[in-house]
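Protein chains in written order, with this note's numbering: chain V, 1 to 110; chain A, 1 to 140; chain L, 1 to 132.
Calculated from the structure, these hints are not laboratory results. Note that CB positions come from ideal geometry on N, CA and C, so glycine has one too. Do not rely on the hints blindly, as some may be mistaken.
Unchecked claim - Residues of chain A clear of chain V, computed beta-carbon distances all greater than 12 Å:
#1 C21
#2 A22
#3 K26
#4 P41
#5 R118
#6 G135
To be verified - Label-pair distances were calculated between CB atoms; the ranges are:
#7 L:F55 <-> A:A104: 37 to 47 Å
#8 L:I35 <-> V:L8: 51 to 61 Å
#9 L:P72 <-> V:E73: 28 to 38 Å
#10 A:P41 <-> V:A16: 37 to 47 Å
#11 V:L96 <-> L:I90: 21 to 31 Å
#12 L:L50 <-> A:S67: 31 to 41 Å
#13 L:D36 <-> A:A104: 45 to 55 Å
#14 V:L58 <-> L:D73: 25 to 35 Å
#15 A:L139 <-> L:V91: 32 to 42 Å
#16 V:E73 <-> L:I90: 14 to 24 Å
Stated by the list, open to error - According to the in silico footprint, chain A covers these stretches of chain V (three or more CB under 8 Å from chain A):
#17 4-13
#18 70-82
#19 101-107
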Amino acid sequence: MTRALLLLSSLAALLALASGCTYSVHEVTAAGFAPADAAPAPRKGEWIHARGEQSVVLGITDNTDYVDRAYAELVSQCPGDIVGLSTRTSTSLGFLSYTNVVEMRAMCLR
Amino acid sequence: MLRRLLAILPLALGAAPLCACATLHKTAIDEIDAQHGRLQPFEIHVSDTGLDAKALGAVASVAARSSRPSKVADIVALFEFGPKTGDPVFSDTFADHVVDEVLARCPSGRVTGLVSLRESAKYAVASGEVVTVRGFCILD
Amino acid sequence: MKPGLLALASLASLTLAFATGCTTLQSVSVTQVPIDRTRAVRAEVSNTALLGIHFDNDFLDPLLPELLAQCPDGRITGLLTKQESSLYVIVATRRVIATGYCVHDAPAAAAGPDAGGKVVMAPAPPSPDAER
Numbered sequence: 001m002t003r004a005l006l007l008l009s010s011l012a013a014l015l016a017l018a019s020g021c022t023y024s025v026h027e028v029t030a031a032g033f034a035p036a037d038a039a040p041a042p043r044k045g046e047w048i049h050a051r052g053e054q055s056v057v058l059g060i061t062d063n064t065d066y067v068d069r070a071y072a073e074l075v076s077q078c079p080g081d082i083v084g085l086s087t088r089t090s091t092s093l094g095f096l097s098y099t100n101v102v103e104m105r106a107m108c109l110r
Numbered sequence: 001m002l003r004r005l006l007a008i009l010p011l012a013l014g015a016a017p018l019c020a021c022a023t024l025h026k027t028a029i030d031e032i033d034a035q036h037g038r039l040q041p042f043e044i045h046v047s048d049t050g051l052d053a054k055a056l057g058a059v060a061s062v063a064a065r066s067s068r069p070s071k072v073a074d075i076v077a078l079f080e081f082g083p084k085t086g087d088p089v090f091s092d093t094f095a096d097h098v099v100d101e102v103l104a105r106c107p108s109g110r111v112t113g114l115v116s117l118r119e120s121a122k123y124a125v126a127s128g129e130v131v132t133v134r135g136f137c138i139l140d
Numbered sequence: 001m002k003p004g005l006l007a008l009a010s011l012a013s014l015t016l017a018f019a020t021g022c023t024t025l026q027s028v029s030v031t032q033v034p035i036d037r038t039r040a041v042r043a044e045v046s047n048t049a050l051l052g053i054h055f056d057n058d059f060l061d062p063l064l065p066e067l068l069a070q071c072p073d074g075r076i077t078g079l080l081t082k083q084e085s086s087l088y089v090i091v092a093t094r095r096v097i098a099t100g101y102c103v104h105d106a107p108a109a110a111a112g113p114d115a116g117g118k119v120v121m122a123p124a125p126p127s128p129d130a131e132r
């Protein structure tokens, strides 16, 4: 009975893993909360968000430009100081291929 | 003495899967500023459960007394192709609210000395995939 | 498909893979981005080794002097630092690329005890989960 339960639960977990909706989270960092440049009056903070993706088949790729694109997208959204940054790099795993993802979230001080 | 050690060894090996093996994958340290007020430390942990296909296959093989589940696990591994840090999880957004947590601890947004850690606590077939953020609120 | 054609296709794929290489992102970090983004700075260091066997990490040493040389009397911020590694058959290259901005703080802002000023927090955006 116990063995059957163990076998069934293991196979169910394997089936879930094969469903293709698995991820590997490589890094999550929070940074840049130190006081920003002087401002005469309280400034309004607004959340901004950028995402970069790269699809890779069989691991063949020669660049990490998706990170630069995400950074450029983040910076382009804010003419003021960008503080309170959180960066996440992860990979969406798939059948002999995967998608690298970088997510950047920050606060724009206007 | 040796006999006693040999008697304890299976017990120790048997208990090993119950204990977590901790792995530190990445560390990042932000600026540390102690000039602008008193500092109050805080620590935030967020985690998700990771699954190890190979280990699941091995467990299923032992339960089934057959090598087939291990072969199934090898095939499953093809469906989770790519660079991995720790074991695969079912959500990549489990740590996205960590900044909200930081701001909840420090509503003024005055934070310094942030240390971001990416860790794993590995058990037999599963793991705890953990993100830890430590830092200091700058008090007025 | 004929076996000869299959072998040729496999060989072509492998050649493409080896020529292109497998590049993996190892680490990313971003620091506060300033308002003044007129002076961009960039530095890159790399290190190639056979079989990826490296004996030290000294290749990193010129990175900071290279950045500082581009901003000798200012503050470097908005730093995006990427560490990547590429594998070409039996040769591995490690590369660290740092880009940022050189800013010159006004004397009062640089010397002030609390340059921060207050920030009125906007509500947090919806979770990325909700967007998908």
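Evaluation of the provided hints:
1. C21: holds (18 Å)
2. A22: With a cut-off of 12 Å, A:A22 remains clear of chain V, as the shortest Cβ separation is near 17 Å.
3. K26: Given a closest Cβ separation of 5 Å, the condition is violated.
4. P41: With a cut-off of 12 Å, A:P41 remains clear of chain V, as the shortest Cβ separation is near 14 Å.
5. R118: For A:R118, whose nearest Cβ neighbour in chain V is about 5 Å away, the distance does not exceed 12 Å, so it is violated.
6. G135: violated (8 Å)
7. L:F55 <-> A:A104: 37 to 47 Å: Once the Cβ atoms are compared, 46 Å apart, the range 37 to 47 Å for A:A104 and L:F55 holds.
8. L:I35 <-> V:L8: 51 to 61 Å: holds (59 Å)
9. L:P72 <-> V:E73: 28 to 38 Å: holds (30 Å)
10. A:P41 <-> V:A16: 37 to 47 Å: holds (38 Å)
11. V:L96 <-> L:I90: 21 to 31 Å: holds (23 Å)
12. L:L50 <-> A:S67: 31 to 41 Å: holds (38 Å)
13. L:D36 <-> A:A104: 45 to 55 Å: violated (31 Å)
14. V:L58 <-> L:D73: 25 to 35 Å: For V:L58 and L:D73 the Cβ distance comes to about 49 Å; the hint is violated.
15. A:L139 <-> L:V91: 32 to 42 Å: violated (53 Å)
16. V:E73 <-> L:I90: 14 to 24 Å: violated (37 Å)
17. 4-13: holds (count 6)
18. 70-82: Violated - the region 70-82 of chain V has 0 residues with a Cβ nearer than 8 Å to chain A, which falls short of three.
19. 101-107: holds (count 4)
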